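Asker: So the chains spell out like this:
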Amino acid sequence: MALVFVFLYAPIFILIIFSFNAGNSSAVWKGFSLHWYAELFQNRLIMQSVYTTLLVSVLSTLIATVAGTFAAIGLASMRRRWRTPLMTVNNIPVMNAEIVTGVSMCLLFVAFFGLWKAFAVWFNQAQDTFWMEENIYLGFGTLLLAHVTFNIPHVILTVMPKLCQMDKNLVDAAQDLGCTWMQAFWKVIIPEIKPGIISGALIAFTMSIDDFIISYFTAGSGVSTLAMTIYSMTKKRVSPEINAISTLLFGAVLLLLIIINVRESRQERLRERARA
Amino acid sequence: KDTSDSENSGSSNGSGSGDRVVNVCSWGEYIDESLIDQFEEETGIKVNYQTAESNEVLYSQLSMGGVDYDVIVPSDYMISQLIEEDMLAELNYDNIPNFEKIDDRFKNLSYDPENKYTVPYTWGTLGIISNTAKVQEPITSWSAMFDPQYAGNVLLINNSRDALGIALLYLGYSVNTTDEAEIQEAYQLIADAVKNGVYQGKVMDEVFQKMEGGNAAIATYYAGDYLSMLENNEDLAYVVPEEGSNWFVDAMCVLKTSQHKEEAEAWINFMASTEANLRNMDYIWYASPNAEALETYPAYYEETYGEPLDPALYEIMAPSQEVLDRCEAYLVLPAETRTLYNDLWTQLGI
Amino acid sequence: MSKELIRLRNIRMAFDDEVVLNDLNLYINDKEFLTLLGPSGCGKTTTLRIIGGFTTPVSGDVLFDGVRINDVPPYRRQINTVFQKYALFPHMNVFENVAFGLRMQKRPDPKDPSGKRRVKIPETEIRQRVLEMLEVVSLKGFENRKPDALSGGQQQRVAIARALVNRPKVLLLDEPLGALDLKLRKDMQLELKKIQQQVGITFIYVTHDQEEALTMSDTIVVMDKGCIQQIGTPEDIYNEPKNAFVADFIGESNIIDGVMVRDKLVKMYGREFPCLDGGFAENEPVDVVIRPEDIDIVPMEQGQLVGTVTSVTFKGMQYDIIVDFRGFKWLIQTTDHSPVGARIGIKIDPDGIHIMKKSPYSGMFGDYSSFSEEYEEMSDANWEADEEESEDEK
Amino acid sequence: MSKELIRLRNIRMAFDDEVVLNDLNLYINDKEFLTLLGPSGCGKTTTLRIIGGFTTPVSGDVLFDGVRINDVPPYRRQINTVFQKYALFPHMNVFENVAFGLRMQKRPDPKDPSGKRRVKIPETEIRQRVLEMLEVVSLKGFENRKPDALSGGQQQRVAIARALVNRPKVLLLDEPLGALDLKLRKDMQLELKKIQQQVGITFIYVTHDQEEALTMSDTIVVMDKGCIQQIGTPEDIYNEPKNAFVADFIGESNIIDGVMVRDKLVKMYGREFPCLDGGFAENEPVDVVIRPEDIDIVPMEQGQLVGTVTSVTFKGMQYDIIVDFRGFKWLIQTTDHSPVGARIGIKIDPDGIHIMKKSPYSGMFGDYSSFSEEYEEMSDANWEADEEESEDEK
Amino acid sequence: MKNKLSLFAVPYVGWMSIFVVAPIIIMVVYAFSTAAGDFTLENFARMGTYTAVFTRSFKLAIIATLIALLIGYPVSYMLSKEGPQVQRIAMVLIMLPMWMNFLLRTYSWMSILENNGLLNQLFQQIGLIDLYNQIAMHFASDPAAYVPIDHFQMIGTQGAVVLGMVYNYLPFMILPIYSVLVKLDHSLIEAARDLGASSVQVFRKVILPLSLPGVLSGITMVFVPSVSTFAISRLLGGGTQMMLGDLIEQQFLGGAYNPQLGAAIALVMMAIVVVCMLVMNRFGDGEEQAVML
Ligand SMILES: Nc1ncnc2c1ncn2[C@@H]1O[C@H](COP(=O)(O)OP(=O)(O)OP(=O)(O)O)[C@@H](O)[C@H]1O
Ligand SMILES: Nc1ncnc2c1ncn2[C@@H]1O[C@H](COP(=O)(O)OP(=O)(O)OP(=O)(O)O)[C@@H](O)[C@H]1O
Ligand SMILES: NCCCCNCCCN
Ligand SMILES: [Mg+2]
Ligand SMILES: [Mg+2]
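Protein chains in written order, with the working numbering: chain H, 1 to 276; chain B, 1 to 350; chain Z, 1 to 394; chain A, 1 to 394; chain Y, 1 to 293.
Hints listed in this document are in silico derivations from the structure and should not be mistaken for laboratory results. No experiment lies behind these values; they were computed from the predicted model shown. Hints are all accurate, no fakes.
Here are the computed lysine to aspartate or glutamate pairs in the EDC-like style, where the Cα-Cα straight-line distance is at most 20 Å:
no.: 1; chain 1: B; residue 1: K116; chain 2: B; residue 2: E262
no.: 2; chain 1: B; residue 1: K46; chain 2: B; residue 2: E33
no.: 3; chain 1: A; residue 1: K186; chain 2: Z; residue 2: D320
no.: 4; chain 1: A; residue 1: K225; chain 2: A; residue 2: D23
no.: 5; chain 1: Z; residue 1: K315; chain 2: A; residue 2: D320
no.: 6; chain 1: H; residue 1: K236; chain 2: B; residue 2: E231
no.: 7; chain 1: A; residue 1: K315; chain 2: Z; residue 2: E235
no.: 8; chain 1: B; residue 1: K134; chain 2: Y; residue 2: D150
no.: 9; chain 1: A; residue 1: K186; chain 2: Z; residue 2: E293
no.: 10; chain 1: Z; residue 1: K146; chain 2: H; residue 2: E264
no.: 11; chain 1: B; residue 1: K256; chain 2: H; residue 2: E133
no.: 12; chain 1: Z; residue 1: K186; chain 2: A; residue 2: D367
no.: 13; chain 1: Y; residue 1: K4; chain 2: H; residue 2: D167
no.: 14; chain 1: Z; residue 1: K186; chain 2: A; residue 2: D209
no.: 15; chain 1: H; residue 1: K30; chain 2: B; residue 2: E231
no.: 16; chain 1: Z; residue 1: K315; chain 2: A; residue 2: D218
no.: 17; chain 1: A; residue 1: K193; chain 2: Z; residue 2: D320
no.: 18; chain 1: Z; residue 1: K315; chain 2: A; residue 2: D209
no.: 19; chain 1: A; residue 1: K186; chain 2: Z; residue 2: E211
no.: 20; chain 1: Y; residue 1: K205; chain 2: A; residue 2: E96
no.: 21; chain 1: Z; residue 1: K85; chain 2: H; residue 2: D167
Whole structure, please, built from the sequences with the hints as guidance.
Answerer: Structure below.
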């Protein structure tokens, strides 16, 4: 088991170590330096793609969490006859190979652009007062749409079980106590499935951050997520700036996890003490 | 109408609203990036600089649609193809006064006989790069690229035209042949080498890391990039093989769909200037088509580094006519030959 | 306890064409403790949900104080519910759970003379009423606990407090004690009854436990298959069951085929027994119910019937004795021990014999030949195989 | 039923220094139906697991047929277990579940004269034994069902068949009926007892339901806090409880402080009552147990004691009447109704009075002053507040 | 009220039809048409040429899946027996690498496996390569002609690609198996022991079959991305180990533009996934397992 962890972490440690390399090789150690960290913040491409990545992840997580939660509630209260086929469709992006999702969405966008252009050309010819953009491209918008699309199913899949576990009578009880059902929705259903929503959001965020393949096919040339930048960099000289940025991100996640875990175990201890 | 177009565009591609923008797609490791900053400073036009791995990848992106490049820098044969497919816009050379400075050798070439679409960016040769620490005997022939002796140490170039091209050269055929049998023979040559495990990988710019780091012994790549590698690994050698090779011109053109034609021409003009060419040459080691720049480069080098430029290097960068005579430029191939190239190339992955 | 509060008139309910309630008629008096009793799936919860307003009947009227309330939503009815599994809000502590209903309420602003402005109940009043109510259910000091951290009985009481704090006219309780263990259940039964008497409101209570129903109710409504089988006081129902279903469902019963010779005389096993019931046709076939505790064991020669003891079980308070009378097995509960195999006589007082009209349920209950028969009904297949099995046992 | 099969000698068990079993001594006879009875957490499961070999005691010996088996792993003991929640293998059908144990077995090859070669049980024999066993538990025809597709009672019987098919000498059952509903539970009790008699092996049964224990057992072991409180037949335990804990745990009891005047005469409420017990010191303070059903209600003037009826509950078979005798409330179970508020006399036959030595449990049980007291024990905090509450009620 | 709530799903149903269903339909259309837009089956017919890619993809993905299973199962099993504290930390440690972009981690493997990479440097240092040369020379038919190696060839081999897959997707094998094993009712194991099963038998007859749903979901979750990867094969296989993913990518954004053929291959790949899904649904409900992601 220890070997498995060595296996999992060896490349990461090497990556981290070479982020401090004075030389620009990731195989030959030339001494310690923070050079690449300084360089990193100068690198427009990397900084821009970090920004794009965070933005698309945050936005798609927000949208997918809200949309997915509502969808899950809707699906959960549907009759089985309807729910089963819908859930199957819902599972497609989860189960499908990412490349298939990416390629098919790419085709969708391109087909839409084609239609749009035909329409816009016609429109512009037909009248003269308002000029409509004829060419639209893959870009941040399509990237976001793609991310939202593959994130929603994950949110639904995490929220659904919570909804199913929820005592069916809770909404009745709230109404019984004087809530209209809108109030019941906000005061009871949402707090009740909150853990599911949160972990759904977390999963969505992780998926977004980690995604490469779908972004690759839907972001076009104008924007680039960190993963895409890394990929295109691996096709050239890879600069250790990339090691530096990943070290920073990894450190941030590690810190976050440690904080969460420490807090959780402290709370647990408190709870135990309260029980004793 | 043109002006109003370019003004209200921009917004669609996430590059800031109302700003003047130009979207450039070039090759990787193919510019001194400080030139971009300088251009932006001078003109206030924002440059979105992207790269494509090869002519063929660029073509895929353009055909697939959805990309919003203005300026692209394809090679000769690909330019012909794009013109053929009516994807390029005619340039307004009034906006590109620096075109004057381009050496006549690089004007009106076969890919753009009337020179309506292009401004050359660089030129050079294709050759074999080898690591003298790993390969003792001198390499002079393309045979090294197919020799099982070097199994696992050879890097095949990762685009169909160059890869099949060197095989055709080795077999003594023209790189522009349309004879299916000859092409099949060339394919077979590579396929056998693949089967024999000759190739460690197929690379484009990955070649830098591989060759500089001593991870492979032999590769086919471009002269300019070889010179860049040499800076990081002195053991590397370059040769234009005895069977001859390809000499190429990469030129800047503007896409028909471009919404920023003016900015595009501004960029092209800027990149065609002598100063930009000198700096770029110094950075990427590719020969410039700007006559003045090419001529004065050795002096520029000496001035900058305080030592003379090794004439051998200059010769590799801007080979003499004698070498060029051994080389052949790629011409656009007829559609069915291109399909054959594509199919064979895909099959080669097998 | 005499004023009528709720009336269900010709209520019909069906889910997907499956009739669940069939022409139900029922009135409920103010301050009454009324229990809906019946086996699983008989429609108790559905009836309750109709009263609470969570379900709308297919046809029929629900009247409250004489007003039709079919279309009044639950939150506007002066009725509160204690749900089957409590349905406490897990994310709120006890105080917040109980306060929930009060926080939802708005009432005319006392400071607004027009009486049109409606305001929330002030926090101090909420606090006071919640604490008061927690005291009623003996849960003072538990305000800050989350429901998870409460035992079943405590959760139960929070649910009651949460409902009662709104001062409803009617409290609906759906098997509130189902999840509790025996001992606690018994205690809570008494507790609930006490609370009902203390607050003086109508309780409509659902259970499938006959002992529970007997212990707590003023009125019991016995239901089966969506129909009311009998309505009455616990004593009525126990002592004068209307049919074999009720007789069997309420307590143990021996149910024997008989023929009414004439008023106050019934014939079973070819022998005549005096009884107290009348009003049947002459020679009308009837079901005769004899409660196990109404049978006295006497020396053989004194017995009205003579049988053989086939099984004896010590139950603490009494022995359960199975006696075979010509192949029909009776259950007798007595404090005297008789050994297995003994031939004994039995005597039944006339007031221990209850006569019922024949009903569709006749012949389905009341034979103790094979104790396994009852659970055999639960197995959903292989009826034949099981039948054979029980044949063998005899 | 006389041969001793299992003996636990000075068994001590602790988890994390928390003593769970304290010097337990117990022997179990062959073919006996022995029940471990006690409240939750008293150590019943632990005792069973020690016998089954799933837990090793801290000290003490487990003897099987006179041989110490402390270190014999579970699968080598001739003991099988029916687990609290059945633990049926969900991926196997009924047949495979029951056959599991047989498929695991190897026995000397009958064809090998040296007797060293061990072979599996042939499929035909497995088939036959499994089907036989399924017949015993009335589950023929269910062979191909998965456990999910069975009702609770059926799962229960599969679990029993699975254990019994291995022909163990002892079957351990840990609250096997806990998950079933009341009616089914009662049926299964009788069924289990029948199976035990049929297969003729020792059953060690764990429950916290006293009625269940009384119904099924040959011997009951009453446990509390890791100690055995009493061992005896159901009648012994019910009629002659050793202390207040046992008296209260087994059925309802009124437990009154008394003083032994002399043999066969006890003084309560300042009055002397004749009884049947003796062997106490003169004037020794004792606990007097009077079962609610042993008390007769008589006209005031004939009563040994006179009290006031404070509550009457109809229970079908009888009325539960709470009677106040000078502030101490008794539960009386009788078939005669007395109205609340009535002054009544009571009479207790000498054989209805059971005398127990004082024990640490004295004073803790047997008062019906407040029915709420019992569940108050379950609430883990605010004892004081609750106490106040019940004070008020009196 | 119930029905009112189900209206919440309507927007999502719309969204799904546009962004999930429509793309697939378009893909199908592409797969069955020529560049000019006419109906054709040729794209599928041409796939015969790529049998070798299919074979290689399946071979490598199956090997990777098996290795992941062989490593992942024992790890999950051991983990599920640890204390809750250890389990939690171990789970975090297993998930943590997933927060670092997989391309980076794979790239890091490149620098380890290169001919002149860290591992070969290490082998050089500890004399492993010399040792190998001596031994090989000894056994060579003509020791004089033996050319000593200066590195072990790792990068650009199928082994490297498999390693990359195992490395990247191992957590996807561990997580579902682990979560099934943790939920396993311990009394089932006791029951099996009670009925005479040895520990091996307990494992074979009870634990293994009961963890099958987790195993299946793990297998799918490793197999599907493995068989369709293009980045891993590109980085570690040096482009010589073309997989289905590379093949598709090449038709769209790579050096051999032919989206119709690419769509056809993608369609075939989807069919594979559907088969996997069906198999999984047969053994347990897929909804639940996907959650564990
Ligand atoms: N929402 C529903 N949809 C379909 N059928 C339902 C629904 N609710 C109840 N039923 C059916 O109506 C019948 C009566 O159900 P109800 O819940 O009233 O029974 P119950 O008497 O409360 O039973 P239990 O004691 O098991 O709670 C049952 O057959 C049940 O299956
Ligand atoms: N594995 C264990 N670790 C720590 N404490 C334990 C363990 N098993 C049991 N205990 C403790 O030992 C005591 C006796 O437990 P046991 O399970 O024997 O009770 P029980 O009589 O079977 O109760 P129940 O009726 O609730 O099943 C309890 O206090 C319990 O908390
Ligand atoms: N660093 C990449 C430079 C690419 C040069 N272009 C060569 C084109 C040959 N056809
Ligand atoms: Mg119900
Ligand atoms: Mg237990």
